[in-house]
Amino acid sequence: MTLRFALPDVGEGLHEAEIVRWLVGPGDVVARDQPLVEILTDKAQVELPSPAAGTVRLVAIPEGTVVPVGTVLVEIDPAGTVGSPTVAAVPAGSARAEAGPVVPASPGRGVPAVAAGGVADGPRPKASPSTRRHAVHLGVDLRAVQGSGPGGRILRSDVDAAVSPAPAPTSSAASVSYDSAGQTGQPAPVAQAVPAPTSVGPGSVGSSAPRVAPLLGQHPSGTHPLRGIRRLTAAAMTQSWSTIPHITGMDEVDATALLDARSRLQRTLADRGDHEAAATLTPLVLMAAAVARTLRRFPLVNAAVSADGTAVTVYDEVNLGIAVATPDGLIVPVIRTADRLDLVALATAMSAVATAARARTIGADTLRGGTFTITNYGALGGRFATPLILPGQAGIMGFGAMRERPVVLDGTVVARRTLPVVFSADHRIIDGDLSVAFQEAVLAVVADPLTLLLGV
Amino acid sequence: MVVGEIPESTGVLVIGAGPGGYVAALRAAAAGKAVTLVERDAVGGTCLNVGCIPSKALIAAADRFHQADNGAAYGVLAEPQLDWMALQAYLRRSVAELTAGVNQLLSAARVNVLSGTARFVSPTRVAVEDAHGLRHLEFDDCILAAGSRPLELTAVAVDGARVVDSTGALFLQERPRSVTVIGGGYIGVELGTALAKLGVRVTIVERAGRILPELDAALASVVARRLAQLGVAVRTGRSADTVLDDGLQLDDGSVLEAERIVVAVGRVPNSDGLGLDHAGVRPRPDGRLDVGPDRRLARHLFAIGDLTDGPGLAHKATAEAEVAVAALCGEPAAFDPVVIPAVVFSDPEIATVGLTRQQAEDAGVASRSFRFPLAANARARLDGDAGGHCEMVVDDAGTVIGVHLVGPHVSELAGEAALAIEMAATVEELTAVIHPHPTVSESLPEAGWGAIGRALHVHRRRPGR
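Chains as they are written, first to last, in my numbering: chain A, 209 to 664; chain B, 992 to 1456.
Treat the hints with care, since some could be wrong.
[Unchecked claim] Using C-beta positions, here's what the derived DEER-type ranges look like:
id	chain 1	residue 1	chain 2	residue 2	range
1	B	SER1000	A	GLY233	48 to 56 Å
2	B	ALA1091	A	ALA239	55 to 63 Å
3	B	ALA1388	A	THR569	38 to 46 Å
[To be verified] Calculated Cβ distances over 12 Å to all of chain A for the following chain B residues:
id	residue
4	GLY1092
5	LEU1105
6	ALA1148
7	ASP1242
8	ALA1446
Think of the hints as simulated: they come from the structure by calculation, not from any bench.
Since the model is a prediction, treat every value here as computed from it, not as a measurement.
Virtual Cβ for every residue (Gly too), placed ideally from N, Cα, C.
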């Protein structure tokens, strides 16, 4: 049976994506989770991994095409599945006997009419016929899907969830995590995957976290007290706005090298079989690494003015805060000594804290001790912004949406994917020269991520 | 005479016009394909012409006669007469009406129906031979639905006169005094029961230790009791050895009275004679064809029905036809029923759907069950047929995984049982559905209640087995 792999619904509000680049072609043998295609949504560029091992039969959509969610992108003849793929692969004219018995005898044979199969395979997944057909269409193996219906029955929605996880991160789609807006509080799904079915199960972390998006901007009329995170946010932002004199610089950098590096690293990790690390290695991980390591070279940026405005504290550790939108509001979990983590460790840590943040299982410790913050507001769109510095810190760096934009290269205007970068600094201790120097240094790493090799 | 060197072409070729093939042809035509359907005998296949349909007609006639003759308990006194030729005409009329309906549908769908025998000459070409000669058909896709035929015994050769197969037993030209049926499976039991009700002295010989050996023993024993009441002699653990002038000698040397002998020992797939080697396909030694979940044999070749694994039942072939046509049209498709319900038109009827306790155990599924006696069901009692039961098997989570019924009208309940199991319904759901009173269908929630320890119309909870 041929699997047809359709563009998954990669998140709230996303209806289409551009097919940027095919990483495989017809006839290619692909491993499960091997990246098949790069797609570009209005939120991010994403690689879609193969849902199954097999042979690519058809690449249905040419590069550069924008297609709606649900469009079949590729057809794969799965390897090693029972029956037809192997059979179908046998040229009609060849003697099948030489191929041997490719189909195991049906367990139903010789057994009375009552059991149509599956008896010898043990309990089969519980699902209605329409759900099973749906699973066949999506190429989902029901044995790996956890049912949420009565008696563990697998519902159609369970199958959908297995193919296209909701924005709330699951273990395999943890790369969703950081592409959150600092300002607006909507988690922005980025890397979307067709997760390995094994990841869809009772253990999926955070899968029960409520989605933010449907509530975005919704509120009953009338006057209401600010509570919880909202109250804390209000207090912190008031303090920031009224006590910290902000200066915000803006620039843009060609992100081609960064995206390239990320793809290559991801493929290497996948080749090593470390699919989880591959899935968590988002472009934001590289940006975070660039910021954290650059901070080490500019200690005064990794600092804070005292509450009475009479002293400066320069931190000796780089503890990087990452703005994460949750259903309850914006929180900023902290990655300790982010400048000293290698990329895989950083990716894993970022994935873990964001998942915990959304699942409301994050500890208070993780929310304290930040020395500098980044926000990926561009995951939602937007080019430039003026983020507010968290009290107790001296700077915040934000990343706008990566899109193709005209760039002058060697005197010629060409289309390149660029990353807008903004940097708000506390002008009490950071002047324009330091602000620009720090920003330029981060941009240099983004432009040439090889410099990350210079040391962890 | 057409020499056939120049092939005609067709989009979809379907070989065999039984309940698998004709449905495949209709579905493919509805999908916009140019369809040719080749049938060597009669449209409708075994089921309509010599199987399900005429056998149910015979049973309907036998039941009318038998009830009229045994109505005293109901205050009905009658001495019915049997007009054998009229009965035979009714059988033929039943078949003719239904096959005419199928022909009408095929014609309305613009399916090109060819009468003849198909043989592959290449992977994409078939030669169809009829009385007038040979024609070649080049196809894009082909669905094999050639069905099966009665298995023959070397010791007891079918001659169409004294020794007949199931087909011959249906269309006997006169009522025999005595019949010995070789084979106590569902075909032998159905035929033997009907003939006994029509006044024939019937003996059933079964090689296994009991009749209906392929079914749950609890179901079969109810039917065995009734056969004894009807005067049917059952010889189990024996097989036929020699046909004698005045009877049939068994392997233990005993001789049974047998004016006619009916051989009903099983069926074999019609995978031979199709020239499948020219299509690059080789059947297994048992004659079945190995197909994938979408019923595909080779890139453009599909097989359904009795040619593939699973029970040789019309409704299974029909369901496979839907899958094969979907696959042929490029849709992902799989034949993956949880259950294929089986019904036996014995007396009383049997309906068996899903796993028995034993099968669940063999499959490693923890289960419990409850057997609700139809003696506690009003409708069954009014029909004077309260010896049966409804057994429900549920798994740990309370999901219904098996329903096994024996009793009046229970063949009509197989669909509900299959729906419940396919939908993975739980006992709580099934018992929450209001079943009409007074019907045998009430036995389903009754058995369900019992399976979760809350039996209603039974005093004492009894273990299922």
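These are the hints, each one checked on the structure:
1. B/SER1000 to A/GLY233: 48 to 56 Å: 33 Å Cβ-Cβ, so the 48 to 56 Å window is violated.
2. B/ALA1091 to A/ALA239: 55 to 63 Å: holds (56 Å)
3. B/ALA1388 to A/THR569: 38 to 46 Å: The hinted range 38 to 46 Å is violated for B/ALA1388 and A/THR569, with Cβ atoms some 29 Å apart.
4. GLY1092: holds (26 Å)
5. LEU1105: holds (22 Å)
6. ALA1148: Holds, because the least Cβ-Cβ distance between B/ALA1148 and chain A comes to about 26 Å, which exceeds 12 Å.
7. ASP1242: Answer for B/ASP1242: holds, closest chain A Cβ roughly 23 Å.
8. ALA1446: Given that every Cβ of chain A is farther than 12 Å from that of B/ALA1446, nearest at about 20 Å, it holds.
Violated hints for the displayed structure, listed by number in ascending order: 1, 3.
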